[in-house]
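These are the residues of each chain, in order.
2 protein chains.
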Amino acid sequence: MSYPDHLGAARGDIPSDLLLKNARLINVFSGEIESTDIAVHADRIAGIGPGYFARETIDLANAFVAPGLIDGHVHIESSLCLPAQFAAAIIPRGVTTAVTDPHEIANVAGAAGVRFMVDASRGLPLRIITMAPSCVPATNMATTGASLGADDLQKLLNDGVVHGLAEVMNFPGVIAHDASVAAKLDAFRGKVIDGHAPGVRGKALNAYVAAGVGSDHECVTVDEAREKLARGVFILIREATNAKNLDALLPLITPANSRRIGFCTDDRNPSDLLRQGSIDQMLRRAIAAGVDPVDAIRCCTLNTAEWFRLHDRGAIAPGRFADLFVFRDLKSPVAERVYSGGQLVAQDGKLLAALPSPALPKALTNTCHVVREHLKLEVPAKGKRIRVIGSIPDQLITEHRILDATIQNDRVVADPARDLLKIAVVERHRGTGKVGVGFIQGFGLKRGAIAGTFGHDHHNIICIGCLDAPMYAAILNVEKMGGGLVVIDAMDEAVARLALPVAGLMSDRPVAEIASAYERLLAAARELGSTLHDPFIAMSFMGLEVIPSLKLTDQGLVDVDAFRHVDLFV
Amino acid sequence: MSYPDHLGAARGDIPSDLLLKNARLINVFSGEIESTDIAVHADRIAGIGPGYFARETIDLANAFVAPGLIDGHVHIESSLCLPAQFAAAIIPRGVTTAVTDPHEIANVAGAAGVRFMVDASRGLPLRIITMAPSCVPATNMATTGASLGADDLQKLLNDGVVHGLAEVMNFPGVIAHDASVAAKLDAFRGKVIDGHAPGVRGKALNAYVAAGVGSDHECVTVDEAREKLARGVFILIREATNAKNLDALLPLITPANSRRIGFCTDDRNPSDLLRQGSIDQMLRRAIAAGVDPVDAIRCCTLNTAEWFRLHDRGAIAPGRFADLFVFRDLKSPVAERVYSGGQLVAQDGKLLAALPSPALPKALTNTCHVVREHLKLEVPAKGKRIRVIGSIPDQLITEHRILDATIQNDRVVADPARDLLKIAVVERHRGTGKVGVGFIQGFGLKRGAIAGTFGHDHHNIICIGCLDAPMYAAILNVEKMGGGLVVIDAMDEAVARLALPVAGLMSDRPVAEIASAYERLLAAARELGSTLHDPFIAMSFMGLEVIPSLKLTDQGLVDVDAFRHVDLFV
Numbered sequence: 001m002s003y004p005d006h007l008g009a010a011r012g013d014i015p016s017d018l019l020l021k022n023a024r025l026i027n028v029f030s031g032e033i034e035s036t037d038i039a040v041h042a043d044r045i046a047g048i049g050p051g052y053f054a055r056e057t058i059d060l061a062n063a064f065v066a067p068g069l070i071d072g073h074v075h076i077e078s079s080l081c082l083p084a085q086f087a088a089a090i091i092p093r094g095v096t097t098a099v100t101d102p103h104e105i106a107n108v109a110g111a112a113g114v115r116f117m118v119d120a121s122r123g124l125p126l127r128i129i130t131m132a133p134s135c136v137p138a139t140n141m142a143t144t145g146a147s148l149g150a151d152d153l154q155k156l157l158n159d160g161v162v163h164g165l166a167e168v169m170n171f172p173g174v175i176a177h178d179a180s181v182a183a184k185l186d187a188f189r190g191k192v193i194d195g196h197a198p199g200v201r202g203k204a205l206n207a208y209v210a211a212g213v214g215s216d217h218e219c220v221t222v223d224e225a226r227e228k229l230a231r232g233v234f235i236l237i238r239e240a241t242n243a244k245n246l247d248a249l250l251p252l253i254t255p256a257n258s259r260r261i262g263f264c265t266d267d268r269n270p271s272d273l274l275r276q277g278s279i280d281q282m283l284r285r286a287i288a289a290g291v292d293p294v295d296a297i298r299c300c301t302l303n304t305a306e307w308f309r310l311h312d313r314g315a316i317a318p319g320r321f322a323d324l325f326v327f328r329d330l331k332s333p334v335a336e337r338v339y340s341g342g343q344l345v346a347q348d349g350k351l352l353a354a355l356p357s358p359a360l361p362k363a364l365t366n367t368c369h370v371v372r373e374h375l376k377l378e379v380p381a382k383g384k385r386i387r388v389i390g391s392i393p394d395q396l397i398t399e400h401r402i403l404d405a406t407i408q409n410d411r412v413v414a415d416p417a418r419d420l421l422k423i424a425v426v427e428r429h430r431g432t433g434k435v436g437v438g439f440i441q442g443f444g445l446k447r448g449a450i451a452g453t454f455g456h457d458h459h460n461i462i463c464i465g466c467l468d469a470p471m472y473a474a475i476l477n478v479e480k481m482g483g484g485l486v487v488i489d490a491m492d493e494a495v496a497r498l499a500l501p502v503a504g505l506m507s508d509r510p511v512a513e514i515a516s517a518y519e520r521l522l523a524a525a526r527e528l529g530s531t532l533h534d535p536f537i538a539m540s541f542m543g544l545e546v547i548p549s550l551k552l553t554d555q556g557l558v559d560v561d562a563f564r565h566v567d568l569f570v
Numbered sequence: 001m002s003y004p005d006h007l008g009a010a011r012g013d014i015p016s017d018l019l020l021k022n023a024r025l026i027n028v029f030s031g032e033i034e035s036t037d038i039a040v041h042a043d044r045i046a047g048i049g050p051g052y053f054a055r056e057t058i059d060l061a062n063a064f065v066a067p068g069l070i071d072g073h074v075h076i077e078s079s080l081c082l083p084a085q086f087a088a089a090i091i092p093r094g095v096t097t098a099v100t101d102p103h104e105i106a107n108v109a110g111a112a113g114v115r116f117m118v119d120a121s122r123g124l125p126l127r128i129i130t131m132a133p134s135c136v137p138a139t140n141m142a143t144t145g146a147s148l149g150a151d152d153l154q155k156l157l158n159d160g161v162v163h164g165l166a167e168v169m170n171f172p173g174v175i176a177h178d179a180s181v182a183a184k185l186d187a188f189r190g191k192v193i194d195g196h197a198p199g200v201r202g203k204a205l206n207a208y209v210a211a212g213v214g215s216d217h218e219c220v221t222v223d224e225a226r227e228k229l230a231r232g233v234f235i236l237i238r239e240a241t242n243a244k245n246l247d248a249l250l251p252l253i254t255p256a257n258s259r260r261i262g263f264c265t266d267d268r269n270p271s272d273l274l275r276q277g278s279i280d281q282m283l284r285r286a287i288a289a290g291v292d293p294v295d296a297i298r299c300c301t302l303n304t305a306e307w308f309r310l311h312d313r314g315a316i317a318p319g320r321f322a323d324l325f326v327f328r329d330l331k332s333p334v335a336e337r338v339y340s341g342g343q344l345v346a347q348d349g350k351l352l353a354a355l356p357s358p359a360l361p362k363a364l365t366n367t368c369h370v371v372r373e374h375l376k377l378e379v380p381a382k383g384k385r386i387r388v389i390g391s392i393p394d395q396l397i398t399e400h401r402i403l404d405a406t407i408q409n410d411r412v413v414a415d416p417a418r419d420l421l422k423i424a425v426v427e428r429h430r431g432t433g434k435v436g437v438g439f440i441q442g443f444g445l446k447r448g449a450i451a452g453t454f455g456h457d458h459h460n461i462i463c464i465g466c467l468d469a470p471m472y473a474a475i476l477n478v479e480k481m482g483g484g485l486v487v488i489d490a491m492d493e494a495v496a497r498l499a500l501p502v503a504g505l506m507s508d509r510p511v512a513e514i515a516s517a518y519e520r521l522l523a524a525a526r527e528l529g530s531t532l533h534d535p536f537i538a539m540s541f542m543g544l545e546v547i548p549s550l551k552l553t554d555q556g557l558v559d560v561d562a563f564r565h566v567d568l569f570v
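The listed protein sequences derive, respectively, from chains A and B. Sequential numbering from 1 applies to the first sequence in the working numbering. Sequential numbering from 1 applies to the second sequence in the working numbering.
For the record, the hints were derived by calculation from the structure and aren't laboratory data. One should not assume that every hint holds.
For chains that are exact copies, the list does not tell them apart, and a pair is met inside one copy or across any two.
In silico EDC-like cross-links for lysine to aspartate or glutamate, where the CA-CA straight-line distance does not exceed 20 Å [claimed, not checked]:
hint, residue 1, residue 2
1, Lys21, Glu227
2, Lys191, Asp312
3, Lys384, Asp404
Just chain A, same shape as in the assembly (with noise of 0.2 Å):
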């Protein structure tokens, strides 16, 4: 901003560069609208009320003018989009700032990954907040492709390049003071320090809280949240693919603590982003559960903004950014104009900002190694009970099932008339050859296989299938696109697919394009039979070794619960 200039355009010496005549101005400060006009100069608000005067007016017909929309947690992989594309289908719904964790591709790529993502971040019309991946790797019962140490996250700090430390999911060890987290803790001292502590309540609270992590995403009920806002959490109510904790949470919000709430969406796929939407979709469900409209843009907006101490944006004033989101019903807002930095970039759903489109590092495209001579999925029958994931509809936990193996030749196979599936989770990074394999319930899978790269959070390709010849289709057909995602059907053919050539979690072509083709999987693998809302997201924490209750990753089965390996038969 050049101030002389600015100041000029703020005292109306100067025309500003855009007046937008008869707004209904949110007021996040007050709690008021204001009907008023708006200056904007450069990228930043100028001046609110009467006597302005612009190269540009538009008259806004009362329509209403609320601070550009804030997604407060949110991993941009997820979406399978590189961060111009993500901002492509989020742009237009009015969220204007997301606060990102590039947690997925720094279990792929270390700081090279997070630095990627932070470049290819710039000029967009999105401002991306990057936040230092706290847990990677999650734990040493999985292989990844990359660890980030504090030392790591030091320098990404000390370089300029994130903005505080992400999600610190490690909370058993933030609790226990373990050595390797309390240093990454003490980087970041004095910085943003967000975390997520599923179900940690009382004195376990008391210390992930004293130990210096100030939010929390993973509420999942009132009580809970209660408890953590009055220990002084700012609580993110989270509305993801897989994770859906909004309407439980809503009741939440009262007048009395609503400035320590904020929104955030953390995960989810593009066909969610393009046919649902982001933040918006939250406010306008938050608005249509009784929450006061004011109080729900605040949520999205000043709260947030205020909690992550960007105090350049959240709300329209003097200074800030002119980063704006018009919408004509206060009781369902959709965004028919976004300004992002007071450029025009949306208007009734179009994206109208042209995208830069970054240079992809080679290294970032060769992430995918498959030793084929080593990947063996057949399971020799040495007992009778095994252990089986049972997956649950919508959650990330899984029961530890003990049942009866389903056993044929001296193997045991998948049975899909008892839902029983064969899952294998094949090391990619390296090309280690590692492969775990195990039985997994609650995929609905009658014929086929899929299969992925993505898989939290070690991304190794992880497989569920009904027959060996499938599974080895997938994971090689996953493995020549250089990381993807494929439905294989019963004749052993590649029926839908999507190429995640980068680091093997996301695409290079437009949002639009990809959200098509992951709608072509999803539809391909109902075919199949499966039963889930999306099998791809649910299969991509299968092998999340730090969510309770049975998990595979490349070395083998995990009791998360004892943490620690176990043996498939009991």
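Position chain B relative to chain A; hints supplied.
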């Protein structure tokens, strides 16, 4: 804080240092009042809730516990006390943090004065946050002892001496983007920049805010405060000895906007501090006026902490400072116990903490230099109509009056029968011999004179009297004390005085002694006919050449509206 130890206490694995049982915790996050226990370890809150054990347990028997109160803007020098004795006055009131602006001593001693105040604040039970004085000197129409340029301020910031930029009073310079003001704002870009913009509204306000200034304590009407709040200004409601805005501004506070409001005392004389209190008095009056007690407490705690980015206080939560204000009556909170950093520092109004006594740097006790041979108070009658400062009770602004001179022996003289007194401002920093002489109404003295070295902002000797003889006596008396306040009676004798040897602003005596001496000064002034609540504070603003309309400096009368010197005679 030792984290391993602290987290052990938070987890309840080791005993805490202190357990406050049966507290009714004022939860500034949730807006609710919780019946609970509070565990304190070292200087921080360890945990909240049941199940803690401690070396010392206190049963609070359902007393209320709020966070320690925060004064959002105060000049310690106005208490005439050094920081330790200022703390002695307000710690028993429950105020545990004061955001201070050492603006007065900076005008006398520059950066050395600021550093002295910071040094003298170390180790106190009161957490003193020091902001950098932004406007030293106020103008070049008065002679000060020092000046602070952008480079000086930058050095204070770089050295960790100051937290942000204190009240940017030169609002015309901010709005016009004057180079010297802009350089100071630029030096503090990204830090807290506190404001001072009386009556600034509309486009000028937009420009002031756009320039980066974020708060204000100069509102006098709800209408002005509402406009500023809506533009994003954090409103500090002020209740000073000489500028009382609380009653007028309490109607500003609503549940929807209270998060953007804090309280401050700005300038309080030692008598008011000891007899009436500090922020605690404002809290009681806000509650009595009908503000929700928890909202009122937020105005004294969390709100101010958030605005000043003091994330380690302002709430009772794990990891924050154990600064606690314990009281019994929610309708009228009076501190029963005060904890600062986990230590019981006051009980039932009595200070328990031991206070350090800082060494006084010699340079700060030798600041009063009057050239007696240049001291001429006579006014030859060069005309018949004169400009007269019309002082108004309890206001800093004055009227610019044109009146007939009272002339005796070709000299313009004071005329107590018309309440027309002589006023003189004598340069005292450099011994330049500069003396400004004028006339003033509104003080009511019938005989004698009063004088002092506390005179905003230049802090030259300022004297008001009925005849020249007691005025000479007053000025020389003050000089002899090395700075201070004095009342001279009709016999030209000092009947009350208070030495202020530290920069001519502060005493190194205990606050109770200072307050008693101050009260004797007030009583003596009343004896001489003074009609004002506090003629010394009123006098101290008669030389402040930035507050309309007519003021006097050592360089002569200033027409503040025209922003230039003017002659006595019209």
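A quick look at each hint next to the structure:
| no. | hint | in the structure |
| --- | --- | --- |
| 1 | Lys21 / Glu227 | between (44 Å within a copy, 19 Å between copies) |
| 2 | Lys191 / Asp312 | both (17 Å within a copy, 12 Å between copies) |
| 3 | Lys384 / Asp404 | within (6 Å within a copy, 115 Å between copies) |
Every hint, counting from the list given before, is met by this structure.
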